[in-house]
Every structure is written in C-alpha cells, then in structure tokens.
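A.B. asks: Single-letter residue listing:
2 protein chains.
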Amino acid sequence: MSTAHFRGHSARRGLAGAGTPAGTDQPQAPERAARENSREALLDAASALMRELDTTEIGIVDIAARAGVNHAMIRYFFGSKEGLLMALLDRDVTRRIRQLGRLFHLDVTPTERMRIHLSGILDTYFAIPYLNRLIQQMVREADPARVRHIGEELLQPIANAQARIIEAGVASGEFRPVDPKLFYFNTIGAADGLYANRFTLSAVFGGLPNADPLLHARYRAHTVETLMKGLLADPA
Amino acid sequence: MSTAHFRGHSARRGLAGAGTPAGTDQPQAPERAARENSREALLDAASALMRELDTTEIGIVDIAARAGVNHAMIRYFFGSKEGLLMALLDRDVTRRIRQLGRLFHLDVTPTERMRIHLSGILDTYFAIPYLNRLIQQMVREADPARVRHIGEELLQPIANAQARIIEAGVASGEFRPVDPKLFYFNTIGAADGLYANRFTLSAVFGGLPNADPLLHARYRAHTVETLMKGLLADPA
Chain G
0 MSTAHFRGHS ARRGLAGAGT PAGTDQPQAP ERAARENSRE ALLDAASALM
50 RELDTTEIGI VDIAARAGVN HAMIRYFFGS KEGLLMALLD RDVTRRIRQL
100 GRLFHLDVTP TERMRIHLSG ILDTYFAIPY LNRLIQQMVR EADPARVRHI
150 GEELLQPIAN AQARIIEAGV ASGEFRPVDP KLFYFNTIGA ADGLYANRFT
200 LSAVFGGLPN ADPLLHARYR AHTVETLMKG LLADPA
Chain E
0 MSTAHFRGHS ARRGLAGAGT PAGTDQPQAP ERAARENSRE ALLDAASALM
50 RELDTTEIGI VDIAARAGVN HAMIRYFFGS KEGLLMALLD RDVTRRIRQL
100 GRLFHLDVTP TERMRIHLSG ILDTYFAIPY LNRLIQQMVR EADPARVRHI
150 GEELLQPIAN AQARIIEAGV ASGEFRPVDP KLFYFNTIGA ADGLYANRFT
200 LSAVFGGLPN ADPLLHARYR AHTVETLMKG LLADPA
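Note that the protein sequences, when read in sequence, are chains G and E. In terms of numbering that gives the first Met the number 0, the first sequence opens at residue 0 and continues consecutively. In terms of numbering that gives the first Met the number 0, the second sequence opens at residue 0 and continues consecutively.
Pulled out of the complex, with its shape left as it was, chain G reads as follows (with noise of 0.2 Å):
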C-alpha cells in the first residue's frame, strides 16, 4: 500500500465526517460504542481465522463474514486489509509492552525478571501463535513507513527490554555474558517453535494439535529453563 492510498484514506475519512473518531461532528454515545464494536469484531475476527487456519493468508470477504459486518468497513476503518492485520499487530503487541513494562517495576533479581519475561513471550506465542509470522509477512511485504513502525515502535522496545535485563544479569554476575540480538533470536525462536509448527507436531508426533490442555504448561517450563540455563553464568 503506498503513502498516497493512506492520503486518500485519511481524506476519505474527513469526506465522512460525523461517526468517525476523528470527525468534527461527534456522533452520540450509542452510535459511537456500535461503530467501536464493529472495529474491535472485524479485529478479533481477523485474528480468530489466523489461529484457527494456522496462516495468516485470509481474505476480507471471510473476515467481514466473522465479524457480522458488511466488507466495506474494512475499507473505512483501515483503509485496506494491510491497515486491519496492522491494526491488529498493533493492539496485540503494545499490550505486551505495557506488560513489560510494568516488569521493570518488581522488584526482582535479573533472573527472575527474565524468567517471568521468557514464560510471558510463551503465553503470548500461545495465545497468538500466527504473531511471528505476521509480523514476518508485513516486515516483508507492508508500506515502508508499516515497515519502520514496526521495527520502532513495536519490536525494538521488546528487544531492548530484554537486552536491559540481560545487561544488568551480567553486570550482577547471574549471566554469562551473551549477544543480546542472538539471544533474542534464540528467544523468539524456541518460543515460538511448537506453536508456529502445531500442525507438524500432530503429523510427526501424532495426535491433534490441541489434544493435549497441559501441553502448553510444559512447553513454557521445558522452555523457560533451556533458556535460563543457558543464560546463566557457570557456578564459580
């Protein structure tokens, strides 16, 4: 999508004027909370299709169909399906930046602080597990300002959260000290690789991908302590 399409978009929603949120003529309160429960189900519909069809390549015919609302509104609350899946990655990972950010309010060691970090990325690959590939879709495929924003303003605060609690580990001796951009990797990697993969877990270990409800508990614990261990400085 180029700049010009967010102009004409942005244009567009002014033309609209009274019931959008940025218009002068604000709408009634009833109207309001409809239209802001339009946008919030043609979101969760998009991100309930991804789960369940294990891809991130739907169509806004289905979306809209989920969500009990005409196609068109795609069109006037993002603009394009590329604004709704931005929209979308937007809502699910600025609360897990407001999550870690509260982190760095307990009063912990570094190791525990990485260790509730580790299992809150597993819970987040859990719930979400097309994130990973979404955001891999749009780095490749979005407008270069989508591409910058989501560098910026969503991943790079993960990554340096997680290189600050690997920086002060190593400072206090708990950590060998690592590449915090390899660790990263390695991170988002193993978190995520059951459940980028569930469909092949149920392939080549057999059984359906959700049979198992204590699965995902065992996951993150298995995953967790690989990676603290290797983490973690060597008893002196």
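Note that these hints are calculated values from the structure, not bench results. Among the hints, a few may not be true.
Unchecked claim - Straight-line distance between alpha carbons at most 30 Å, and here's what the computed BS3-like set of lysine-lysine pairs gives:
1) 180(G) to 80(E)
2) 180(G) to 228(G)
3) 180(G) to 180(E)
4) 180(E) to 228(E)
5) 228(G) to 80(E)
6) 80(E) to 80(G)
7) 228(G) to 228(E)
Starting from the known structure of chain G, fit chain E onto it as the hints suggest.
C.D. replies: This is chain E only, laid out in the frame that chain G set:
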C-alpha cells in the same frame, strides 16, 4: 491436489513413454541427461526464489522462467507446483537424513554427537531459510498422502535420531532428563529463529539481512551453546 490428479499424471507419464524415467523405451543418454538437468533446474529455481523472496508463495511461471524451461515442464515432471515443492522438500531433507545416519557411525560421546547434530541443523536453516515454512505450508495444505510422507519419512527420522542421542546422554548422566518432543521444538525454533526472521532482523536492528558474513557462525555458536547448556546435567 487429489489422488485422481496423481493418477492422471501417472497415466500421462505412461503415455508419454520414451523420455520419462519410468518409460519402457529408455531415452538415449544425452537426452536423459538434458531432462534430468531440466528437472534439477526447476528444483534449483524454486529453491532460489523462495530464498531470495523470503516466501514460499512463488508462482510456476516465475519458477520456469528462472530455470529457463517452459512451465509446462513442471506439470510433466512433477504433476503440479505442489509436486515440485514436495520433490524439493524430499531432496533437501533426504540429504540431511543421510548426514544424520553417518553421525551415528562416529565414535563420540552423546554430548559431542548432539553438538554436531545441532550445528548441522543451524547450517541447514542458514542454507534453506524457507525450510520450516515450506514444511508448515505443506503439512497444512498438501494432499493427505503427502502430509503422511512428510511426517513419517522426512520429519520422524530426524526427531527419532535426536531422541536417540538424548536417551543415550541421559543414560550416561551427561544430559538432564528432558522430553525429547519438547526439546525438538526448542531446537527447530531456536535454530530457525534468525533465518525465518531475517527481514525482521533488518527492521529491528538495522543493516541488511545478509550484510554480516560472520553472523551465521556467531548465531550457530551461540545457539548450540544455549541449547547444550539447556540440555546438560548440572555438575554433581
């Protein structure tokens, strides 16, 4: 692709007669070599396109153009694009399964065998960064017979070999007892972490994806170290 399509393809190959590897009239050697070259050229072209474009969504016209072969040859050799991707996956993975077989002939400790195995996995994802995503896509979308083939003949041999190393290491007291299934997904995830996300690497940390020629060697050393520390038993 349906099995009917498979049968149709086989029938066509039978009708085509001379020149097909399965034909009763064997072609002359130069003709056979040329055909084998076209087949390999198509596989090489598909591999190169997926690597360069960082996606498994490639078209048969582009594959054929890259190979310098008429795109009807894809149907002739492989029946369909799915058949071509399956042949490529077979070629890529079978080579690694043979390497794994040789690994068991080395007279080394489980620790050393696992190190060599993990290094090999890292090298594989560096050389074939689309591998995991191609497997995910085929397992999701391909004909059930192909999904079974991928599970039983391509992935289970690798997972079983890794499990065999783990069992030997646990028995010798070198490794802590881990669930081989969970460790397998840690391994493929962590190993693939950088390569599946190489465009993300650029967006988050700056620089072109392949600008650092030493990055792979550093990522391999770092990841093998992290996973081995995660696996090794605590010193008594």
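A.B. asks: Taking the hints in turn, state whether each one holds.
C.D. replies: To see whether the hints hold, each was checked on the structure:
1. Restraint check for residue 180(G) and residue 80(E): not satisfied, since their Cα atoms lie roughly 37 Å apart, outside the 30 Å limit.
2. Taken as a hint, the residue 180(G) and residue 228(G) pair is honoured in the structure, with Cα atoms around 18 Å apart against an allowance of 30 Å.
3. Restraint check: the Cα-Cα separation between residue 180(G) and residue 180(E) comes to about 27 Å, which is no more than 30 Å; the hinted pair holds.
4. Only pairs whose Cα atoms come within 30 Å are accepted, and residue 180(E) paired with residue 228(E) is accepted, the gap being roughly 18 Å.
5. A hinted pair counts as satisfied when its Cα atoms are at most 30 Å apart, and residue 228(G) with residue 80(E) does not qualify at roughly 43 Å.
6. Between residue 80(E) and residue 80(G) the alpha-carbon distance is near 27 Å, which keeps this suggested pair within the 30 Å criterion.
7. In summary, the hint linking residue 228(G) to residue 228(E) is supported, as the alpha carbons are separated by about 6 Å, within the 30 Å threshold.
In the structure shown, a violation is registered for the earlier hints numbered 1, 5, in ascending order.
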